[in-house]
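Participant: The residues making up each chain are set out below.
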Amino acid sequence: MSTLVRDTGTIFRRAMRTSLRNPAWLVISLMQPVLYIVLFGPLLEPIAGQLGGANAYQVFVPGILVQLGLFGTAFVGFSLIAEYRAGVIESQRVSPAPRAALLLGRVLRDVLVLAVQGVVLVLVAVPFGLDASVGGVALTIALVAVLGGSLAAVSYALALTLKSEDAFAPLLNVVLFPVLLLSGILLPMTLAPGWLQAVSDVVPFKHIVDGARALFAGDFGAPDVGWGLLFTVVLAALGAWYGTSQFRKESG
Amino acid sequence: MIHARGLSRTFRKKRGKQTTEVVAVAGVDLDVEAGEIVGFLGPNGAGKTTTMRMLTTLLAPTAGTATVAGCDLLTDPVGVRRRIGYVSQAGSTAPENRAGEELVSHARLYGVSTAEATERGKQLFAELDLDGLWERQPKAMSGGQRRRLDIAMGLVHVPGLVFLDEPTTGLDPQARANLWQHIEGLRSERGTTVFLTTHYLDEADALCDRVLVIDKGTIVASGTPDELKSSVGGDLLTLTSPRAAEIAGRVAGLPGAEAPTVDGDRVSCRVPAGGAALVTLLRDLDAAGIEVDGVESRRPSLDDVFLTVTGRSLRDGEQQPAAETEGAQA
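Chains A and G are the protein sequences, given in the same order.
Per UniProt numbering, residue 1 is the first one in the first sequence, and the count goes up by one each step.
Per UniProt numbering, residue 1 is the first one in the second sequence, and the count goes up by one each step.
In case anyone wonders, no lab produced these hints; they're calculated from the structure.
Keep in mind that a hint or two might mislead.
Claimed, not checked - Here are the computed lysine to aspartate or glutamate pairs in the DMTMM-like style, where the Cα-Cα straight-line distance is at most 25 Å:
#: 1; chain 1: A; residue 1: Lys-163; chain 2: G; residue 2: Asp-31
#: 2; chain 1: A; residue 1: Lys-249; chain 2: G; residue 2: Glu-21
#: 3; chain 1: G; residue 1: Lys-13; chain 2: A; residue 2: Asp-131
#: 4; chain 1: G; residue 1: Lys-229; chain 2: G; residue 2: Glu-246
#: 5; chain 1: G; residue 1: Lys-216; chain 2: G; residue 2: Asp-226
#: 6; chain 1: G; residue 1: Lys-122; chain 2: G; residue 2: Asp-202
#: 7; chain 1: G; residue 1: Lys-139; chain 2: A; residue 2: Asp-166
With these hints in hand, go ahead and build the complete structure from the sequences.
Facilitator: If you want it as structure tokens, here you go:
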């Protein structure tokens with residue numbers, strides 16, 4: 001067994017254990033998707049026709065899934081700053097474990113958490129009236145898991161560079177807020193005026209959201225599905241490269 | 001165990017467009033043999049931690065070479081990592097996790113099996129007086145216990161060489177004395193070579209076979225604590241008397257004495273073999289009818305060594321009691 005696989009597994013199990021030991025975190029991370037469906041979903045039902053789909057949840061749930069992928073994982077860097085301060089990162093960096101394992105083990109935990117959250121979200125949405133392609137839903141959850149993994153890697157890398165919550169929090173807000181608005185996560189960008197659509201076309205996450213919506217509708221051949229997959233794969237590669245390079249870098 | 005030549009580290013600090021270079025370590029040569037406990041002594045900011053971070057592969061040197069535990073630092077860092085333990089000042093465990101689990105998952109990173117790691121871990125807990133704390137969260141441990149847990153983390157893969165970065169900083173006196181015993185035990189019971197940094201003189205004195213004194217990024221003195229102390233030029237005699245000036249004249253006449261200093265009714269002077277010199281001196285003074293109120297002969301400390309080599313007290317920069325500066329003013 002290669003050391004990369006073994007050490008990734010060790011770091012993953014340790015990270016998972018740390019998360020599961022924190023009951024507040026467990027409740028919040030499972031409640032979040034439920035609250036979206038229960039408290040925000042009903043608002044969209046009356047305007048379902050305008051959203052372009054027959055079923056409001058078919059449009060809404062994919063957006064919330066991508067949002068989970070973006071926001072749930074963008075903040076994981078905070079836990080790394082706490083670990084850094086406790087000396088955990090240093091003590092793992094003096095071990096012979098491959099640097100990629102130190103990153104991937106943690107990212108794997110975030111991917112698993114995200115997948116579970118996604119499944120909960122979809123299951124909760126079904127009694128509210130979600131009607132979607134089963135294959136499309138499964139593929140979307142997989143897509144979101146990979147997307148979330150790449151963002152988690154970037155989040156860890158940034159946290160390791162900044163090493164301070166005070167610097168990390170504003171950076172996240174500056175980046176994530178426009179992304180949230182421009183991705184058409186909450187409402188599809190087709191509702192937007194021309195100039196705003198043009199701006200949002202540049203944001204890769206918008207295409208991932210649109211791809212996920214097409215997948216939910218069972219439209220596997222839609223161009224946005226291809227674009228969404230491509231962007232996700234590119235982001236994952238970039239995230240893995242950037243994250244590992246930060247773990248490899250000497251910390252001065 | 002450690003052979004370093006010309007090890008240097010320069011940090012670049014950017015302030016606006018200007019880049020300033022800060023030399024943290026300027027060409028350190030050092031050799032540590034197997035089975036030694038070697039102390040790296042110096043004030044805060046002298047380059048102790050930077051040197052240690054280079055030797056433990058955490059920081060790349062900007063110049064120089066080193067062999068650590070038989071592996072080349074620059075070409076085989078993974079080999080070095082496999083063979084050393086490192087106990088940093090920052091700790092090594094997450095406060096909410098269980099101590100035992102942290103230890104086992106750390107050992108797994110060195111390829112130790114879970115069963116083997118558990119067995120070794122429990123044994124280390126017993127050796128380091130951590131019995132019954134296997135399930136404890138580090139946040140619920142005392143400072144001394146946490147430090148010993150960090151040491152256990154650094155030893156679980158049975159390294160031949162252990163780096164301890166200021167192991168007793170922030171501990172109360174009892175916990176310090178206790179930890180010293182354990183550090184001594186690393187060598188006597190496990191045959192581990194220990195390289196530690198400290199800015200406590202008594203620590204270097206009590207624990208180390210050899211002391212390297214570092215100041216401003218260079219090693220300014222090295223030797224056994226006794227060698228270093230004898231390089232200071234003798235014991236410090238201090239006599240209190242209303243006729244201090246007359247005494248000063250006689251003290252200066254003692255063989256090998258340095259120039260005495262007079263401060264009010266106190267005379268101090270460094271004299272080789274101070275005890276014997278004092279006997280002769282007191283007899284003379286008695287014969288001359290010069291009364292003496294108080295006498296003290298003090299063996300030189302490592303602080304005196306530091307003062308002699310660098311011209312500054314090791315405690316400079318920390319809080320400096322008024323009494324410390326008295327001698328210098330006189």
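Participant: Against which earlier hints does the structure fall short, listed by number upward?
Facilitator: Of the numbered hints given earlier, those the structure breaks are 1, 3, 4 and 6, listed in rising order.
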